[in-house]
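Student: So the chains spell out like this:
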Amino acid sequence: MNVKRYGALTVRVLAFVLVSLIAISCGGRGNSSRRGAGDSVTSLYIGDERIFFQDYWGMEATYWMFEPLVRRAGDESGKVRPALAEKWEHSDDYRTWKFYLRKDVRWHDGQPVTANDIKFTLDLRINPEVNPGAEKDKYKVDVIDDHTFTITYKIPTDGLDTWAVYYPKHLLENLDPKDFFKWEFWKAPVGNGPYKLVRSIPKTAVEVEANPDYYGKVPAIKHVTLKFSDTPSLTELYSGNVESLSFVSGDMAKKLEGDDRYRSYHWWGSWIDVIYWDHSGTFFSSPEVRRALTMAINRRELAEVLDDPEDVPILDTVTTQRQFKRHEFPEPLKYDPAGAKKLLAAEGWNDSDGDGVLDKDGKAFEFPLTVNAEMQKSAIYVQNELRKVGVKADIQTVDMSILRKKHRSGEYDALLFRFQNPDWIYRFFDSDSPFGYKNDEMIALVKKARVTIDPDKQDEVMKDIMKVMERDIPVTFLVPQVQFFIATKRIKGLSSPDRADPVWFMPTLTLEDGG
Amino acid sequence: MRLSYILKRVLFTIPLLFAIVTVTFFIVQITPGDPMLFSIDERSKRVVDPAEEARIRLRYGLDKPIYVQYWKWLSAAFTGDFGESFVTRRPVISMIAEAVPYTLQLTVLALFFDALFGISFGIISAVKRNSLTDRVITLGSLVLYSIPGFWLALMLVLVFSVSLGWFPTSQTTSIDHDLMSFPQQVWDIASHLFLPVFVLGIASAAGTARYMRSRLIEVLNEEYVLAARARGLSEKTVILKHALRNALVPVITIYGLALPFLLGGSVLIENVFDWPGMGRLAVSAITARDYPVILATTTIAAVLTIFGNLLADIAYSLVDPRVTHGLGKGA
Numbered sequence: 025m026n027v028k029r030y031g032a033l034t035v036r037v038l039a040f041v042l043v044s045l046i047a048i049s050c051g052g053r054g055n056s057s058r059r060g061a062g063d064s065v066t067s068l069y070i071g072d073e074r075i076f077f078q079d080y081w082g083m084e085a086t087y088w089m090f091e092p093l094v095r096r097a098g099d100e101s102g103k104v105r106p107a108l109a110e111k112w113e114h115s116d117d118y119r120t121w122k123f124y125l126r127k128d129v130r131w132h133d134g135q136p137v138t139a140n141d142i143k144f145t146l147d148l149r150i151n152p153e154v155n156p157g158a159e160k161d162k163y164k165v166d167v168i169d170d171h172t173f174t175i176t177y178k179i180p181t182d183g184l185d186t187w188a189v190y191y192p193k194h195l196l197e198n199l200d201p202k203d204f205f206k207w208e209f210w211k212a213p214v215g216n217g218p219y220k221l222v223r224s225i226p227k228t229a230v231e232v233e234a235n236p237d238y239y240g241k242v243p244a245i246k247h248v249t250l251k252f253s254d255t256p257s258l259t260e261l262y263s264g265n266v267e268s269l270s271f272v273s274g275d276m277a278k279k280l281e282g283d284d285r286y287r288s289y290h291w292w293g294s295w296i297d298v299i300y301w302d303h304s305g306t307f308f309s310s311p312e313v314r315r316a317l318t319m320a321i322n323r324r325e326l327a328e329v330l331d332d333p334e335d336v337p338i339l340d341t342v343t344t345q346r347q348f349k350r351h352e353f354p355e356p357l358k359y360d361p362a363g364a365k366k367l368l369a370a371e372g373w374n375d376s377d378g379d380g381v382l383d384k385d386g387k388a389f390e391f392p393l394t395v396n397a398e399m400q401k402s403a404i405y406v407q408n409e410l411r412k413v414g415v416k417a418d419i420q421t422v423d424m425s426i427l428r429k430k431h432r433s434g435e436y437d438a439l440l441f442r443f444q445n446p447d448w449i450y451r452f453f454d455s456d457s458p459f460g461y462k463n464d465e466m467i468a469l470v471k472k473a474r475v476t477i478d479p480d481k482q483d484e485v486m487k488d489i490m491k492v493m494e495r496d497i498p499v500t501f502l503v504p505q506v507q508f509f510i511a512t513k514r515i516k517g518l519s520s521p522d523r524a525d526p527v528w529f530m531p532t533l534t535l536e537d538g539g
Numbered sequence: 002m003r004l005s006y007i008l009k010r011v012l013f014t015i016p017l018l019f020a021i022v023t024v025t026f027f028i029v030q031i032t033p034g035d036p037m038l039f040s041i042d043e044r045s046k047r048v049v050d051p052a053e054e055a056r057i058r059l060r061y062g063l064d065k066p067i068y069v070q071y072w073k074w075l076s077a078a079f080t081g082d083f084g085e086s087f088v089t090r091r092p093v094i095s096m097i098a099e100a101v102p103y104t105l106q107l108t109v110l111a112l113f114f115d116a117l118f119g120i121s122f123g124i125i126s127a128v129k130r131n132s133l134t135d136r137v138i139t140l141g142s143l144v145l146y147s148i149p150g151f152w153l154a155l156m157l158v159l160v161f162s163v164s165l166g167w168f169p170t171s172q173t174t175s176i177d178h179d180l181m182s183f184p185q186q187v188w189d190i191a192s193h194l195f196l197p198v199f200v201l202g203i204a205s206a207a208g209t210a211r212y213m214r215s216r217l218i219e220v221l222n223e224e225y226v227l228a229a230r231a232r233g234l235s236e237k238t239v240i241l242k243h244a245l246r247n248a249l250v251p252v253i254t255i256y257g258l259a260l261p262f263l264l265g266g267s268v269l270i271e272n273v274f275d276w277p278g279m280g281r282l283a284v285s286a287i288t289a290r291d292y293p294v295i296l297a298t299t300t301i302a303a304v305l306t307i308f309g310n311l312l313a314d315i316a317y318s319l320v321d322p323r324v325t326h327g328l329g330k331g332a
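Those sequence lines, one after another, are chains E and W. Note that this note's numbering has the first sequence beginning at 25, numbered continuously upward. Note that this note's numbering has the second sequence beginning at 2, numbered continuously upward.
If you are wondering where the hints come from, they were derived from the structure by calculation, not from laboratory data. There's no promise every hint is true.
[To be verified] What follows is a set of in silico ranges between Cβ atoms, one per label pair, in the way DEER data are often shown:
#  : chain 1 : residue 1 : chain 2 : residue 2 : range
1  : W       : Q30       : E       : D537      : 53 to 61 Å
2  : E       : K162      : W       : S76       : 33 to 41 Å
3  : W       : G62       : E       : D117      : 32 to 40 Å
4  : W       : Y146      : E       : D537      : 44 to 52 Å
5  : E       : D200      : W       : I15       : 19 to 27 Å
6  : W       : S76       : E       : V222      : 41 to 49 Å
7  : W       : I28       : E       : K103      : 46 to 54 Å
8  : E       : H351      : W       : S76       : 57 to 65 Å
9  : W       : S76       : E       : D423      : 52 to 60 Å
10 : E       : Q400      : W       : A316      : 46 to 54 Å
11 : E       : D423      : W       : Y146      : 42 to 50 Å
12 : W       : P149      : E       : Q400      : 21 to 29 Å
13 : W       : P149      : E       : G386      : 49 to 57 Å
[Claimed, not checked] A few chain E residues that don't get close to chain W, going by computed Cβ distances all over 12 Å:
#  : residue
14 : R119
15 : F144
16 : P226
17 : T255
18 : S257
19 : S310
20 : E312
21 : R324
22 : L330
23 : I338
24 : D456
25 : D464
26 : E484
27 : D496
28 : P521
We treat Cβ as the ideally placed atom computed from N, Cα and C, and that holds for glycine.
So here's chain E without its partners, still in its complex pose (with noise of 0.2 Å):
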């Protein structure tokens, strides 16, 4: 019958199709002769070819390509170390800085850096056309000599940026900086850190090899290559085409305990989750409602249900970066949920109407807790603790966008969101704190921190800053953001949480098996 025979012709050929398809994907498979072999690594990057691409803010892979003026020590010390200048110094104002380059270093294709380098960079850094949002006359850089600078700030400033890095100038000085975002030199960077390029493959990964000619001590891990992604994918790492994943979840780091071939690390930096309230209105305007309302939420459970380890440490106050390495800062707050009661009581909060809720002078204690879908765990964990104590928290999820308006403009009455420790107090401890917080005292330190350069006094500064925040408690700091890393056993040289991400650390990491 014909149309039995064109119906077995036509299952004929889509099987032929099909199994053409399976065959020649099977047979064409091409991973990686080097990848997970010797001295190389493959990683999942969070990213796209323009990840050594630093505008005004930088990524992790930046500083393979690139360096800093000065790093700073990952230890306790906290200390400033040479990196492109060998020495620096400043005058008594903090508004002058001198910087002394090294000689030996030199860009990937060969070329010396000098400070001619350095000025050119820093001046593009202040160019409206590549930052809109920069003061033009922020500071002014002199060339005193190949090796020698200085950059004069407007106001005293703290002018060892372990962040910034540097471009070559000879590459970059002809071209146009309108096009700055556009320069095909961001997807073939010409730099002078311990990386460089051997090639970009647009839309897939970039691949590095160790730069023999680095000044300081050459990678052992000779090639990396990263591969981009828009999420960090589990797949990608069970399948073999990558040895560690950056910025994963704590769910997705536990997955993987009890698996031999992997190891999770966790570090956290400076974002601390944090209540802010709007001290303003009628329910948080006394430090001892805010102070039983911190009372109230058990923060070491908070994090344990956040699937944070064990050792992420709470605190009440905002830190130097080494005060907080060090665990240098009061102890906070005890979880004393009766505690917290009593204060309310005495703040005239009772529950007169028998109805589960606090109220006072008719008014029941219930505020609307804004936050984002993100931080929605936090908040139902917060909701329940504070019903235990009769303060009612509803909670309004609103879109990122929204939370940060608001948490911009102070437009709430209590508001889930990060706090950067230290830097934000300069934003919302001082005189114009959006939420409302007004201490001559803590607007007066704040002013002084901002002048503060010297590291010593640094800690003076904050120490008085803590003082003045266990009794104004201005906001109520939840826990530290930790983040995941996950990476294959073979590799070694990262901890917990000092050591924790693999790209960071990668030109200092090395392997099981080699490199």
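Got chain E; can you put chain W on it based on the hints?
Tutor: Structure of chain W alone, referenced to chain E:
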């Protein structure tokens, strides 16, 4: 008559397009929060201070009244200039130009897959109506049509990529693609395309098969098919030359409407497979609140939908004169 119908449809498209881009612009504008500042805040993980905010507003013309901003955007968009991404600071149009070829690779092949398998199985199913083959195809297409694409994609990755290692898990090529010989490069591209194309194509192929089956059964019952059989034509000729030709007419509409899919891509599948096409670009833009990119991708999707409809209507009017006659009578 046909020309006037086409002209009317084209003319009707202009105000529709204008309305859509206007609505899109104002919807984005009324979104709470300040997109530009949000983008900088998020990217730099800080809070932009008021002086910096003022400089940024001035630089981007955000200090101007909304109607001025609208006119500026509209006149620029008309020339294909959708502004600069808040995140990458690159021209939006160049980001779209980079994404489109990747999406086209996927979607054209998925449509081809859809047409090949959907129409073929639809024909087999109709011709072998109520047989075991028909039942198997019907059940299979219903199951495949019902399975969520992203779930199927994840399961296929788990089985064929992670467990069996037959296909790559993601991206468009292997890392060592440029080090391969030409035949290896071809295989490499094919292997990366296979799973996303399969997932994208299979659900629509299942739908097409169901549609094709019912249309063909309908046509096979028409009198002219009976007449053809009575004239002693072979079953193959009856089906392929007479029945199929008529049954395929409504399929034009389906493929006309596929135009937005062709360039819009598949948001979920592109994200599962880390495929750098339009769908992933749109999702990344939404996640980062990159409003110039959101505006551009939304506008392009809307324009393509309109043109897809227009093309389908025009094609339909060309193959089926009743459409234009009906319009003429009603008008």
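Student: List in ascending order the numbers of the hints, as given earlier, that are violated by the structure.
Tutor: Hints 5, 9, 11, 16, 17, 18 and 24 are the ones this structure does not satisfy, whereas the remaining hints hold.
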